[in-house]
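Chemist: From first to last, the protein sequence lines are chains E and F. The numbering of the first sequence is numbering that gives the first Met the number 0, which starts it at 0 and goes up by one. The numbering of the second sequence is numbering that gives the first Met the number 0, which starts it at 0 and goes up by one.
Misleading hints may appear alongside valid ones.
Heads up, the list lumps identical chains together, so a pair's fine if it works in one copy or across two of them.
[Stated by the list, open to error] With a cut-off of at most 27 Å between alpha-carbon atoms, the simulated DSSO-like pairs for lysine-lysine come out as follows:
no.: 1; residue 1: K508; residue 2: K33
no.: 2; residue 1: K43; residue 2: K33
no.: 3; residue 1: K103; residue 2: K454
no.: 4; residue 1: K173; residue 2: K339
no.: 5; residue 1: K41; residue 2: K203
no.: 6; residue 1: K342; residue 2: K173
no.: 7; residue 1: K516; residue 2: K173
no.: 8; residue 1: K144; residue 2: K288
no.: 9; residue 1: K516; residue 2: K120
no.: 10; residue 1: K154; residue 2: K103
These are computed hints drawn from the structure, not numbers from a lab.
Protein chains: 2
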Amino acid sequence: MYVFITFAPLKFITMKIALAQLNYYIGNFESNAKKIISTARKAKENGADLVVFSELSVCGYCPDDLLYRTDFIDGCNASVENIIAECADIPIIIGAPLSNVSGKGKQLFNAALFIANGDVKSQCKTVLPDEGVVDEHRYFEPSDKFDLINLNGVKIALTVGGDVVDYPMDMLAKLNPDFIVNISAVAYAHDDNHLSDLSQVAKKYGLPLLNVNQVGANTNLIYEGRSIAFNAEGRVIAECKSFEEDLQYVETKSFKSAGEELRKMDTTESIFSAITLGLRDYFSKMNFKTAVLGLSGGIDSAVVLALAVNALGSENVHSILMPTCYSSSHSVDDSLEMLKRTKSSYHIIPIEDLRNAFGTAMAEAFEGTKPGLAEENIQARLRGSILMAYSNKFGNILLNTSNKSEEAVGYSTLYGDMCGSLSLLGDVYKTEVYRLARYINEHCGNIIPQHIIDKAPSAELRPDQKDQDSLPPYDILDGILNCYLEGNMTADEIKAKGFDAETVDFVLKLVKRVEYKRFQAPPILKISSCPFGHSQSVPLVAKY
Amino acid sequence: MYVFITFAPLKFITMKIALAQLNYYIGNFESNAKKIISTARKAKENGADLVVFSELSVCGYCPDDLLYRTDFIDGCNASVENIIAECADIPIIIGAPLSNVSGKGKQLFNAALFIANGDVKSQCKTVLPDEGVVDEHRYFEPSDKFDLINLNGVKIALTVGGDVVDYPMDMLAKLNPDFIVNISAVAYAHDDNHLSDLSQVAKKYGLPLLNVNQVGANTNLIYEGRSIAFNAEGRVIAECKSFEEDLQYVETKSFKSAGEELRKMDTTESIFSAITLGLRDYFSKMNFKTAVLGLSGGIDSAVVLALAVNALGSENVHSILMPTCYSSSHSVDDSLEMLKRTKSSYHIIPIEDLRNAFGTAMAEAFEGTKPGLAEENIQARLRGSILMAYSNKFGNILLNTSNKSEEAVGYSTLYGDMCGSLSLLGDVYKTEVYRLARYINEHCGNIIPQHIIDKAPSAELRPDQKDQDSLPPYDILDGILNCYLEGNMTADEIKAKGFDAETVDFVLKLVKRVEYKRFQAPPILKISSCPFGHSQSVPLVAKY
Numbered sequence: 000m001y002v003f004i005t006f007a008p009l010k011f012i013t014m015k016i017a018l019a020q021l022n023y024y025i026g027n028f029e030s031n032a033k034k035i036i037s038t039a040r041k042a043k044e045n046g047a048d049l050v051v052f053s054e055l056s057v058c059g060y061c062p063d064d065l066l067y068r069t070d071f072i073d074g075c076n077a078s079v080e081n082i083i084a085e086c087a088d089i090p091i092i093i094g095a096p097l098s099n100v101s102g103k104g105k106q107l108f109n110a111a112l113f114i115a116n117g118d119v120k121s122q123c124k125t126v127l128p129d130e131g132v133v134d135e136h137r138y139f140e141p142s143d144k145f146d147l148i149n150l151n152g153v154k155i156a157l158t159v160g161g162d163v164v165d166y167p168m169d170m171l172a173k174l175n176p177d178f179i180v181n182i183s184a185v186a187y188a189h190d191d192n193h194l195s196d197l198s199q200v201a202k203k204y205g206l207p208l209l210n211v212n213q214v215g216a217n218t219n220l221i222y223e224g225r226s227i228a229f230n231a232e233g234r235v236i237a238e239c240k241s242f243e244e245d246l247q248y249v250e251t252k253s254f255k256s257a258g259e260e261l262r263k264m265d266t267t268e269s270i271f272s273a274i275t276l277g278l279r280d281y282f283s284k285m286n287f288k289t290a291v292l293g294l295s296g297g298i299d300s301a302v303v304l305a306l307a308v309n310a311l312g313s314e315n316v317h318s319i320l321m322p323t324c325y326s327s328s329h330s331v332d333d334s335l336e337m338l339k340r341t342k343s344s345y346h347i348i349p350i351e352d353l354r355n356a357f358g359t360a361m362a363e364a365f366e367g368t369k370p371g372l373a374e375e376n377i378q379a380r381l382r383g384s385i386l387m388a389y390s391n392k393f394g395n396i397l398l399n400t401s402n403k404s405e406e407a408v409g410y411s412t413l414y415g416d417m418c419g420s421l422s423l424l425g426d427v428y429k430t431e432v433y434r435l436a437r438y439i440n441e442h443c444g445n446i447i448p449q450h451i452i453d454k455a456p457s458a459e460l461r462p463d464q465k466d467q468d469s470l471p472p473y474d475i476l477d478g479i480l481n482c483y484l485e486g487n488m489t490a491d492e493i494k495a496k497g498f499d500a501e502t503v504d505f506v507l508k509l510v511k512r513v514e515y516k517r518f519q520a521p522p523i524l525k526i527s528s529c530p531f532g533h534s535q536s537v538p539l540v541a542k543y
Numbered sequence: 000m001y002v003f004i005t006f007a008p009l010k011f012i013t014m015k016i017a018l019a020q021l022n023y024y025i026g027n028f029e030s031n032a033k034k035i036i037s038t039a040r041k042a043k044e045n046g047a048d049l050v051v052f053s054e055l056s057v058c059g060y061c062p063d064d065l066l067y068r069t070d071f072i073d074g075c076n077a078s079v080e081n082i083i084a085e086c087a088d089i090p091i092i093i094g095a096p097l098s099n100v101s102g103k104g105k106q107l108f109n110a111a112l113f114i115a116n117g118d119v120k121s122q123c124k125t126v127l128p129d130e131g132v133v134d135e136h137r138y139f140e141p142s143d144k145f146d147l148i149n150l151n152g153v154k155i156a157l158t159v160g161g162d163v164v165d166y167p168m169d170m171l172a173k174l175n176p177d178f179i180v181n182i183s184a185v186a187y188a189h190d191d192n193h194l195s196d197l198s199q200v201a202k203k204y205g206l207p208l209l210n211v212n213q214v215g216a217n218t219n220l221i222y223e224g225r226s227i228a229f230n231a232e233g234r235v236i237a238e239c240k241s242f243e244e245d246l247q248y249v250e251t252k253s254f255k256s257a258g259e260e261l262r263k264m265d266t267t268e269s270i271f272s273a274i275t276l277g278l279r280d281y282f283s284k285m286n287f288k289t290a291v292l293g294l295s296g297g298i299d300s301a302v303v304l305a306l307a308v309n310a311l312g313s314e315n316v317h318s319i320l321m322p323t324c325y326s327s328s329h330s331v332d333d334s335l336e337m338l339k340r341t342k343s344s345y346h347i348i349p350i351e352d353l354r355n356a357f358g359t360a361m362a363e364a365f366e367g368t369k370p371g372l373a374e375e376n377i378q379a380r381l382r383g384s385i386l387m388a389y390s391n392k393f394g395n396i397l398l399n400t401s402n403k404s405e406e407a408v409g410y411s412t413l414y415g416d417m418c419g420s421l422s423l424l425g426d427v428y429k430t431e432v433y434r435l436a437r438y439i440n441e442h443c444g445n446i447i448p449q450h451i452i453d454k455a456p457s458a459e460l461r462p463d464q465k466d467q468d469s470l471p472p473y474d475i476l477d478g479i480l481n482c483y484l485e486g487n488m489t490a491d492e493i494k495a496k497g498f499d500a501e502t503v504d505f506v507l508k509l510v511k512r513v514e515y516k517r518f519q520a521p522p523i524l525k526i527s528s529c530p531f532g533h534s535q536s537v538p539l540v541a542k543y
């Protein structure tokens, strides 16, 4: 005999919830609060009953070691007080560091604050990420309290970041919530799956799920936004834009609508948008206006020029061509053609005389030696010095043009082409750089001359040099690197995938040997799950 | 009425315990295992009943992201098997990553393995450090099991790292151990207090405490060693040497001896020894032999030369003097005098012609501008390029000569004097650099000419330039920096200590503004509790 238990239907007062997806500036409490308050007011005018902001929205995610500074925490607290006072008439959820008054463990929690009807309730994060680019264990105490929040009789499971896909959500599900609200700040990676994971969570618990994610970039970390609402079947019922601020509304009555399948964005398009936002925010938040780069005639610097012109405006990007006798004639011609198409300014500074002067200066010390790597690197370092001199003189910020394949195997000169304030392509494999070039030509006007895309890549540091003299073909190289870095495979596992054993050993040896170069690399815009570069402990883009 | 409870006296079979303080090489399982096995044999020959090695001794502390690699963990496990087989006849305690087979949480524990009588028992770390230079939460699951180990009836509380000063030791103390053994790897800092803390622990529980610490350096982190044994009153009954390998024995019968007060080492002596070990191990573990540095005639490069000559031998250190027209005559004279005293080789490469050639190359781009910072930095970058060219040509490793005061306020040129493979003084304030110079002259022969110590510091990048034209006097500057960095004080708190308000604001503004320069700095030997530089996720010094 089957017993059918009938639950009371969800006693839903119809509710309208605003997903407020904003671009925060770390430590700029004034501008963050202003955005939060004005967005809350706008949402209220549009009939919202609750406005949800993202993780650590009050200070911007993630302030890293600034969280150790008492004046920074004081600033957070004052800002929260201000927001509470200004949003007295509209329930909101914001993210902020919250003091741990227990006297045990770390001094802060990573909290979601539910502010409604003159009351503040907090729900703090339990599962603190520590394996990727941010280590929250360094700053926050994990919470062990699991409660629902209640808005006019509606019970909401409120979670922060990864808690929603982990056991804290199990604890909250037992308390029988009506739906789930998660606030997050997930650093962009083209190979990330957090949206499918969220869809699965909604399905698993049979509960609608609303996720508000941060948008914008802070130094090397880019946040896509794409805040989203799923129905209880894990299908999409509302979605904010990717890579820009947005404000979308979800009505609880729409929880019953059929919804749509989660879309998969085109990888190259998404990388293009991510880098564009990353570059734009780096400049705007650091208060920079103009950029400079070395334009070699190769694919990497061409793509950087295209990205920079698109993100900053062609009038704000200056190129410098620095040919030597090893530069092929097409290098300068192709560059000039591209500059013509992008309508941006440039200087040609041949380095032949400087190279000779350097040779003279080193003559005694180098007596009896044959030209080799040292002489090749001198050219790269003279170019780096010229670019930095221009940057120091006119305030143009130097954009680094190295790609991930080069960074991985050290096919680059420390203090030479590794110079720069920000690396745009340092997390983009060479094969993907080509795809970016073709995407740019399709979508931003045909600005990269086809010859730059077609010709064989060369560093042009000695006569007739080609990348493939020193390295395996890029499709092989990138395949091996991808297995090793993103796939975390052993050499044996990579060989078992069909790559030539000798090539695998050669590549991995190079990767391990040049760790020291990458140690001193500029910040690299992260676009994959396994970027190079250190998770810096104090953010470069911060006002405090 | 008082009831006197009489406990049975400690049933001590007399035992001799070896404190094996060794210098491990991260990921070099073969050499680590060889050291462990031969030391265990030697200790057994000398009558030891138990030999204790330091934290993660099998792989060296700390392998960071190598712990994510399955082939690295396989290497650890094979090495542990080998050690167990080779040490069948002598009880030992080693440190190693241990697989977490529970299927919950991180895949590894940070374990102490007690290997005796054919049996292996593990005690894993609970309180994982995450605030300093190493983040163990990233790799290890905290343990929640607390048991004593038992060697022939003697009950030992075995702890790893910080567990001994935290609640895990409370849990173990309840189980009534006879004494405490802790294995650790504490990165050196001259302002560190872990030995006093250990003394307090012994006193608190009324138990003898033996601590075996790692010695040696891995990239930027230096381990002092100074393994120690305290009696139940927290007084020292045995102690290994500082900054070198050592093997000392403690007999349990000596637990009753009066012991000695914990000595405080002289700060400058200890910094000198730490840097010497750091530099020596960087070279030996990276398989480097010779060094190069730019010798300016100033105090920083003089101290670096002295440290390098002392650590590597004068025949292995090459200096390059690169004067311009702004260099005072004494700069070259003082340098030559020092080179004479240290009997080391050098080249003089004047950069005047190169500077002019650079000016010519930039003439068109710089037309109509006045000489300024850009031109000053050009000199520093030409010097950096010359040093790197020499390094590339002859394989000499470039030693960076910046100090912590400069690094803090950005009084340095990125890709110029900030070049280098390792920074010796980047965690040493300028005032301490002077103390180091005097210490060196007292203890290593009078090798630094007095005039270098006495003259006013200058970057010599423009006529009659002095550091104090741009910066507060170094004693003031260092005082403010020390409050801000090591003391983590707010601006208001620093001003309340009596520093001029305007100067404090000026200094802190500089510190915050030049974060981007430090981002690309070389690895800096850590000697304080608040070093600059990132905790790199993959060690530069590693064989794997």
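Chemist: All hints are to be evaluated individually against the structure, with a verdict given for each.
Modeler: Here is what the structure says about each hint:
1. K508 - K33: between (51 Å within a copy, 25 Å between copies)
2. K43 - K33: Close inside one copy (15 Å), not across copies (71 Å); limit 27 Å.
3. K103 - K454: Neither: 62 Å inside a chain and 51 Å across chains, both beyond 27 Å.
4. K173 - K339: For K173 and K339, neither the intra-copy (64 Å) nor the inter-copy (79 Å) Cα distance is at most 27 Å.
5. K41 - K203: neither (34 Å within a copy, 60 Å between copies)
6. K342 - K173: neither (62 Å within a copy, 77 Å between copies)
7. K516 - K173: This pair counts as neither: shortest intra-copy Cα distance 51 Å, inter-copy 51 Å.
8. K144 - K288: This pair counts as neither: shortest intra-copy Cα distance 46 Å, inter-copy 57 Å.
9. K516 - K120: Cα proximity of K516 and K120: none, with 48 Å in one copy and 42 Å across.
10. K154 - K103: neither (30 Å within a copy, 30 Å between copies)
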